[in-house]
Amino acid sequence: MSAVTELLQQVVEGVGSGAVYASLALALVLIHRFTGIVNFAQGELAMISTYVAWQLVASGMSFWLALPVTLAVSFAGGMLIERIVIRPVQNAPELTMVIVTVGLFIFVNAMAGLIWSFTVKDFPQPFPDGGIDLAGVRVDWSTFGIIAVVAVVMGLLYVLFQHTSIGLVMRAVACNPASARLSGIRVGRVLMLGWGLAATVGAVSGVLVAPVLFLEPNMMGGVLIYAFAAATLGGFDSPVGAVVGGLCVGVAETLAGAYVDVIGADLKVGVPLVIILAVLLVRPQGLFGRAAVERA
Amino acid sequence: MSTITATLDTDRARRLRLALTALLAAVVTVGAPFYFAPFQVFQLTMVLLYAVALAGLNLLVGFGGQISLGHGAFFAAGAYTAAVMLDRYDTGHLATLPVAAVGCFLLGLGFGVPALRLRGLYLALVTLSFAVFLPPLLKRLEPVTGGSMGLTVDKLQPPAWSGLAEDQWTYFVVLAVTAVALLLARNLLRSRVGRALLAVRDNESAAEVMGVRLSLHKTLAFAWSALFAGVSGCVYTWVIGFVSPDSFSFVLSITLLAGLVVGGLASLYGPLLGAAFVMYVPSVAQDISEAAPGVVFGLLIIAVMFVAPTGLAGLAGRVRGAAVSRLTRTTSAAGDRTPGSEPSAPPTPADPAPVDAEPVGAPPRTEKE
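Heads up: the protein sequence lines correspond to chains A and B, in order. Taken in order, the first sequence gives residues 1 to 296; the numbers are from full-length UniProt numbering. Taken in order, the second sequence gives residues 1 to 369; the numbers are from full-length UniProt numbering.
A hint or two may mislead.
Residues of chain B clear of chain A, computed beta-carbon distances all greater than 10 Å [to be verified]: (1) Q43; (2) H93; (3) G103; (4) K139; (5) A165; (6) L175; (7) V180; (8) L189; (9) L216; (10) A308; (11) A322; (12) A323.
Which residues of chain A face chain B? A partial, calculated answer using Cβ under 7 Å [stated by the list, open to error]: (13) T5; (14) P88; (15) I99; (16) G103; (17) F107; (18) N109; (19) A110; (20) L114; (21) I225; (22) L267; (23) V269; (24) G270; (25) V274; (26) I276; (27) L277; (28) L280.
Label-pair ranges, simulated between beta-carbon atoms [unchecked claim]: (29) D246/B - S179/A: 43 to 53 Å; (30) P88/A - V28/B: 51 to 61 Å; (31) R326/B - R83/A: 26 to 36 Å; (32) A151/A - Q40/B: 27 to 37 Å; (33) P158/B - Y259/A: 49 to 59 Å; (34) S325/B - R83/A: 27 to 37 Å.
Keep in mind the hints are simulated off the structure, nothing from the lab. Idealized CB from N, CA, C, for every residue including glycine.
Using the sequences and the hints, build the whole thing.
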């Protein structure tokens with residue numbers, strides 16, 4: 001295998017994992033746009049959604065039927081969490097919000113362990129085995145599948161936000177909650193909707209990554225860090241940025257693991273740290289974000 | 001005239017009460033290792049050493065208003081400094097303390113520089129990813145750190161003259177370190193540095209206008225807080241005699257923050273209560289199930305943020321405050337009213353609009369005086 005095809009092979013694998021990061025980053029960005037907070041529990045919510053899917057499949061449901069049910073459950077769960085956990089502290093200082101989501105992180109993680117135990121579970125691979133050979137570069141069907149699913153999710157979100165009236169209302173709330181409220185929009189309901197959407201998008205990432213990482217309560221911890229890096233790189237208020245950032249982070253991670261000897265497979269988790277630091281020091285608003293102008 | 005004697009009286013009474021409390025506390029802390037079984041003494045020792053780390057975190061989060069989800073990393077740095085010194089150079093335990101302290105201070109200083117540009121959420125992100133990154137790094141540096149097997153080093157041994165058992169001697173050494181550390185934290189807060197820190201937390205722009213150098217004090221806050229975490233980690237090595245990368249996963253960082261929040265942000269006793277919480281809740285809850293500590297921690301953190309943002313330490317104060325204000329209200333209603341002696345009107349509900357200038361974890365104000 002020539003050096004070029006090997007490089008391409010790594011890039012393809014990077015894009016595959018990057019698509020998963022992109023989808024979790026998308027969930028983070030959605031919540032950040034609506035409520036201005038970074039949800040540290042996003043990965044854990046995705047993890048517990050994945051457990052729901054696993055439970056459904058284990059009780060005999062087919063995967064493609066279990067998926068919509070899981071997404072619906074996640075949507076409802078996200079709305080409930082917004083109403084019960086987040087709404088009471090919505091106007092509280094940033095530190096309070098961070099701590100509440102960290103508390104949610106610990107709680108959800110432990111609940112998954114309590115219900116499903118900490119033993120690793122096999123998650124069914126929804127896509128067929130095998131793949132195709134493109135000029136010496138092997139692309140698995142699962143890689144195609146992951147990219148396709150993330151692309152579909154993106155497309156649906158785009159249509160929802162740009163071409164439906166509910167999307168218009170949601171954009172109004174994200175842009176200026178006070179004005180939105182004054183023009184008769186029920187801001188609270190829209191925020192619940194936003195959290196529900198984010199939980200759904202996050203659930204997609206969990207279901208996609210579970211066959212690779214195996215299902216266990218701490219599955220999403222690492223993915224969350226990559227998603228943070230992706231969202232930071234793309235800009236925390238830009239959905240497009242989250243996807244581009246996710247793909248970049250995925251490729252950078254794979255390449256660094258394969259070609260930089262010092263990093264290797266075990267220190268790959270240092271890559272998102274470096275990316276986050278570099279972006280924040282050089283261009284804090286991210287590639288696609290708008291710089292916040294602050295008036296003291 | 002009568003008011004003067006009254007204040008004198010209350011002042012004297014307060015001093016007396018304070019002295020009695022201090023005496024009682026001293027008797028209990030010194031007597032504890034002779035009363036309890038070795039395992040319980042060990043637990044108390046762990047509470048004391050966690051309190052040092054939490055006091056450091058408190059400087060940063062409670063008083064500085066910056067969020068760190070990575071203090072376990074500084075704790076680990078201190079622990080490994082001590083372990084490597086003991087393992088390779090056989091320096092003796094006491095020599096490791098200043099090295100760990102200074103090393104972590106410098107590490108914190110280095111970390112504080114990016115922290116300047118990172119507000120709130122972003123600092124939490126960076127510190128969290130640092131905490132996630134550290135265990136694999138420790139495993140990689142195998143020649144020095146012993147890799148994933150970790151390092152086993154000597155624990156503290158009581159000198160012959162003391163006539164104490166190992167657990168008792170360890171307890172007293174850790175007690176001394178903790179006492180000095182907590183005293184240092186308290187005095188630090190009452191110094192120029194501490195006042196600057198509070199000013200920055202409450203309103204950055206106003207603090208800057210008053211001549212507080214933001215960059216200097218934010219970085220220093222990070223460095224000081226790292227120093228405390230490092231000292232705590234160093235003492236951890238003395239007590240446990242074993243370090244491994246898996247003892248310092250990012251769960252430790254999150255647990256530390258959780259303990260501090262539950263104990264009480266920006267309170268002087270908060271770290272002690274929080275440390276007890278970090279030590280005892282998992283050991284009690286673990287009997288129920290492996291996941292129970294997490295469930296309890298998670299629920300408590302959220303509940304504390306909802307109902308008692310000042311934590312356990314603040315809760316006592318608030319209950320007393322409520323009782324006192326109710327009592328004074330009834331007495332002033334019964335007796336003659338003098339203008340001004342009236343208890344302040346019930347607090348008007350806070351402006352529902354988001355308050356930007358509000359310090360993080362606003363309620364800590366009650367603890368500041």
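Evaluation of the provided hints:
no.	hint	result
1	Q43	holds (22 Å)
2	H93	holds (32 Å)
3	G103	holds (20 Å)
4	K139	violated (7 Å)
5	A165	holds (36 Å)
6	L175	holds (30 Å)
7	V180	holds (28 Å)
8	L189	holds (18 Å)
9	L216	holds (19 Å)
10	A308	holds (12 Å)
11	A322	holds (21 Å)
12	A323	holds (26 Å)
13	T5	violated (30 Å)
14	P88	holds (6 Å)
15	I99	holds (5 Å)
16	G103	holds (3 Å)
17	F107	holds (3 Å)
18	N109	holds (6 Å)
19	A110	holds (3 Å)
20	L114	holds (4 Å)
21	I225	holds (5 Å)
22	L267	holds (6 Å)
23	V269	holds (5 Å)
24	G270	holds (5 Å)
25	V274	violated (9 Å)
26	I276	holds (6 Å)
27	L277	holds (6 Å)
28	L280	holds (6 Å)
29	D246/B - S179/A: 43 to 53 Å	holds (51 Å)
30	P88/A - V28/B: 51 to 61 Å	violated (38 Å)
31	R326/B - R83/A: 26 to 36 Å	holds (34 Å)
32	A151/A - Q40/B: 27 to 37 Å	violated (59 Å)
33	P158/B - Y259/A: 49 to 59 Å	holds (54 Å)
34	S325/B - R83/A: 27 to 37 Å	holds (33 Å)
The earlier numbered hints that this structure contradicts are 4, 13, 25, 30, 32.
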